[in-house]
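Enquirer: Now for the letters of each chain:
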Amino acid sequence: MKTATEGSQAIAQAVTMCRPQVVAAYPITPQTHIVERIAKLVADGQAACEMVSVESEFSAASVVLGAAAAGSRAYTATASQGVLLMSEVLYNIAGLRLPLVLTCANRAVGAPINIWNDHQDSMAVRDAGWVQIYCTDNQDAVDTTIQAFRVAERLELPVMVCVDGFILTHLFEAIDLPTQAEVDGFLPPYRFSRALDPASPRTLGTLVTPAYFAETRHALDAAHGRALGEIAGAADAWSAISGRESAGPLRVVGDEQARIGVLTLGSVFGTLLEARDEMPELGPLRLMALRVFRPFPVEALKAACAGLSDLVVLERALSPGGGAIVGTEVRAALSEMATPPRVHAFAAGLGGRDIPLSLLPRLVAAAGAETPTRFAIIDVDLDKLAPEDR
Amino acid sequence: MPTATPTATELRRHQPRFVGLDSGHRACQGCGEALAARLVTEAIGPDAIIANATGCLEVFTTPWPNSAWRLPWIHSVFENVAAVAAGVEAALKVQGRATKVVAFAGDGGTFDIGFQALSGMIERGHDVLYVCFDNEAYMNTGIQRSSSTPHAASTTTSPVGRMREGKRHLKKDVLAIVAAHHLPYAATATVAYPRDLEAKVRRAVTTEGPTFLQVHSPCPLGWGHDGALTIAVARLAVETGFFPVIEIERGRVTAVLPIREKKPVVDYFRLQTRFRHLLGDDPQAVEERAHLQALADHNIETYGLMAAHSSPRDTVGLATVHRGGTGGGIA
Amino acid sequence: MAVLTRGADALPGSALDFRTGDWRDQRPIHRHRPAPCHHACPAGEDPQAYIARLDEGNPRAAWEALIAANPLPAITGRVCHHPCEDDCNRGQFDQAIAIHEIERFLGDAAIREDWPYPVPELADDAPEVAVVGAGPAGLSAAYHLRRLGHRVALYDRYGEAGGMLALAIPGYRLPRAVREAEIDRLLATGIDFHRHQVLGRDVYLDDLGRRHGAVFLAPGCHRPREWSVDGARPDDARDGLGLLKEWLNVGVTPAPGKRVVVQGGGNTGVDIARVLRFSGAGEVHLVTASALPDDESAPPEDRMSAIPREVAQARDEGVIIHPHHTLTRLILREGRVVGVEIAALRKLDGDDGHRRRVAFEGTETVIAADEVVPAIGEIVDPLGIEALIGRERYLRADAWGRLAEALGVFAGGDALGQAGTVTAAIGDGHRAAEAIARHIRHEPESVLGGGEPVAFDDLNRHYFDRAPRQKATVLPVAERDGTTEIERGLGHERVAAEARRCFSCGDCLACDNCWTLCPDLAVLKTRAATADGGSYVFDYDYCKGCGLCAEECPSGYIAMIEEPTAT
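Residue numbers (this note's numbering), protein chains in the order written: chain U, 1 to 390; chain C, 1 to 331; chain V, 1 to 567.
Please note that a few of the clues may not be correct.
Stated by the list, open to error - Quick list of in silico lysine to any residue cross-link-like pairs, SDA-like style, CA-CA up to 20 angstroms:
#1 Lys172(C) <-> Lys262(C)
#2 Lys100(C) <-> Ala195(U)
#3 Lys93(C) <-> Asp44(U)
#4 Lys263(C) <-> Asp294(V)
#5 Lys263(C) <-> Arg466(V)
#6 Lys384(U) <-> Pro372(U)
#7 Lys262(C) <-> Asp294(V)
#8 Lys471(V) <-> Asp294(V)
#9 Lys93(C) <-> Tyr190(U)
No wet-lab data here; the hints were simulated from the structure.
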């Protein structure tokens, strides 16, 4: 049933319906509403879990690591500085092959300190070994969070559900929350095959020498290879229960005939859709939202780009000195096509800068450039910088 | 009438003690930390889960595929063992299981990098026994100073040179800081007095809530002494007052291990090359010796460590052996 | 090749596959070395061994361990000068173990409980050995020969066995009932005792030699030494030993009020002095060239050979002792003593390396006296052994008691003129019995073993707590009558407390230190006796040779040796 709910509240409800036994959290804007809601649900007896208010983010990650290893379903949420602070533990969790779900309320990373939305935080840990999924709206966030537990527990891989800070977390939308029974039907109780148990003592977190280390890394990579299948399976199973369409690793909207595509991640997809509807004069366009970033869905992307001459990639992060992050990976993936489209890579909306509907025509225009832009921050205003800093 | 001696392999199966940490680990000869960890797990018993910080103990016990542990055990990173243990404890609480959760860390993972997580764990009241194996430096990475390194001790990052002689700063009083959380039980112990250590482990394990043990564990390599002298060195640390052995409950000292026969700190220094530079007649050495003696005397006074009379619970009585040992059936 | 687990998890105890024993360059071994008490005992007793059995709660096993060397503990516990206690390592810690009290306790327990001496059945063709002299040396030899499966024919000139034990040790030191009981039990193992047989009159050496596989001679020293003071002798002089024998036999009593001077600082001299006091003598002086037993400034060999506590009791009873003095002149009137002159004396090293006695002019004192009794030692009565002894005072034998001059003839005890103690005599008898057994079987000689005793510094004393030595109650002086035993011994509890103080030098205490302190669990505990009789086994697969066990072993039982190279 659809109710108008703040995104954070809805995510919190979804999490608690998945019956986590341990939730650990350290507050950081803009994740706070999620964890506050969970705390209230626990206090009201509507969620039977241990709420551990830790003293920092890396303890938050460590607490849920310990809980998962001990056989309890666990959850945490963070953003920005918190992601970076817990990054050592995120790598550790993936390496230990522990199932966990974490909500990243995407926010810029300082310095300078900035509390508003971009994707620098989750992009900074893209190599940690976590599955990363970018939600396009709050319904997507709710559905993805529920599926994430199943994916994580089947693969023994942790899953990061990325939700744009403020833009989604603090947005009131009509969201269809499932019932407890529906979630229970979808998500079986957590049974960790390698749980810490005196009845069957195991040693987790050993030292691995050069002789075997490469194999552990291969195994992690190979698990990501299987992840797309698991993600699709979970999505189909949930779709059967929710009645909503299965989202897939990529959401594609638009013309089969289109020659120009625009790919983005997260909530800006909605902005682009709205802009396209209001500006039919832009011609046929194929708009894509990349949902699953890790593992990177090469085949789905290639299929989605079939027939395009140009693809504009719009992301909300960058790699200083290296340029586009998503754009570079897209470019590399599409180079496998017989006739790949030209890829134009842009960043916009960094640090929460508003992305107006008028950005879409600029992106479409950029697609016509003689030389494709390797990378640019399309909404930068160089007048705001001293000459030597341009 | 002697029969054929049973083989070690057979005997191993019937030892009248719980083996939590078994043979085959790669600790140095005479390692105080290995001994301490062995004694602690023995006293804890089989119904426990251990979280272990990065450090010597973790590295020498778990080079894949060999593990010397016979308890469920997890290592995450250097600074988070208290938080990992808290997570395990939270999980077991919800699952309704009574298995004890124990955290193991060195002084590095406790006094320094892991300090925040430790404080958080205690403040939130998790039912976890935290054991710090204190060998007074970052030994695993090659004997660098930690905040637990005693004043004037030589380490690779506080070496003796023309301008500086050993660690400048004093040993951090971590027990006082832990005690300031008003947790139910915290204590120092040492490998020199295994009976005392075992009793304290049993006490901590059966106490509900966060408990803390700081176990003095000599490092032959890092401290510069023969592996055979590990107990002798640890004993002198106690008898000089250099390492006070005390118990604290809810912020108050409730018991001490009384010193029956006090020894001067130089006796302790003579056995270790990390203090070798303090034995000379140069003014610096003379002053440092006096300073360290004053610190030891200060400990004795602060905690009332001198025994008023002989007792089976003092530094002589606690070590006294009896024919037939500690009892228990034998194979 | 190992296959990776998910997350590189490892299985419990899989480190056992990694044998750290490869690291060693030295290894611990159990090494039994003689405790100083064992090393010091002239009879070869191993007090450490029997005290261990007692401390384990098995007094019978303790007694059996004790009598493996000395079959007369109820006696020696009372009369031995206990050199074991002088060397006891505990003496450097607080106070030496009262070993003699434990020995006495065990001897008395055996008599009371009638524990049989463990001797084998005699084979029909068991060889027969003759033993002449049923004093401590002869009794010991007879017992050990019997234990080694021989028939023994024991001969003595007197009506009862015991030698000096019966003849010259007063009842207040060695009660007749105890002596008789222990000796009778020993003889009851199947030793043929022929009493009232005088060698050279009733039985002859060469005849014994023909009839038996070997002969052990322990005739003792019953012939008084020539004695005079500066050439003078009283007409009615009696020798000290003779006096003592008479007193024990018939209870001679000098007239009350008599003043007596005894010369000689051995047990005989002290006993005579005390007996005279018990008989009512007014003043008894004992003059000895030696220092008092507790005189720390004098070297041990310069002190009185009498047992220290006996000397202390003598002084409590009023005997006046003049150490470092000698008789320089007798004051005779009509052939009877009316006084003696004594002077200070020291034994000094001469240029030739021998010690000479030097009396110091100007230190003379006169003591009024009615009698002077010499207790300066005896020599062997040559009757029956003229061919062996010639004009010597004593018989000469090697370490095993063999006489050079006569094959198959062995000797021991006071007759050798060496230590002259009961315990040394028992040791002589034991060694000779072993040598006789080899002689009869035509086996080659054996080497006297032993090894370095455990030194005080070989022990780790941190593991012991101070505890005072148990002291037995003694009869108050007023109640001493010359026959009632003065020392009451220690009861069961106090003996146990004393046994608990033993360091167990050179032997395993089973204290669990090594087992507790090995960081690598390479010391394993076992109840089944190991090849070295201990309670622990080293697991050399994992032992890294750190040496902690050896360092922390309280009793010095673990030694580190170089790792043997692989063969």
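Enquirer: If you test the structure against every hint from before, which numbers come out violated?
Expert: Those not satisfied are hints 1, 4, 6, 7.
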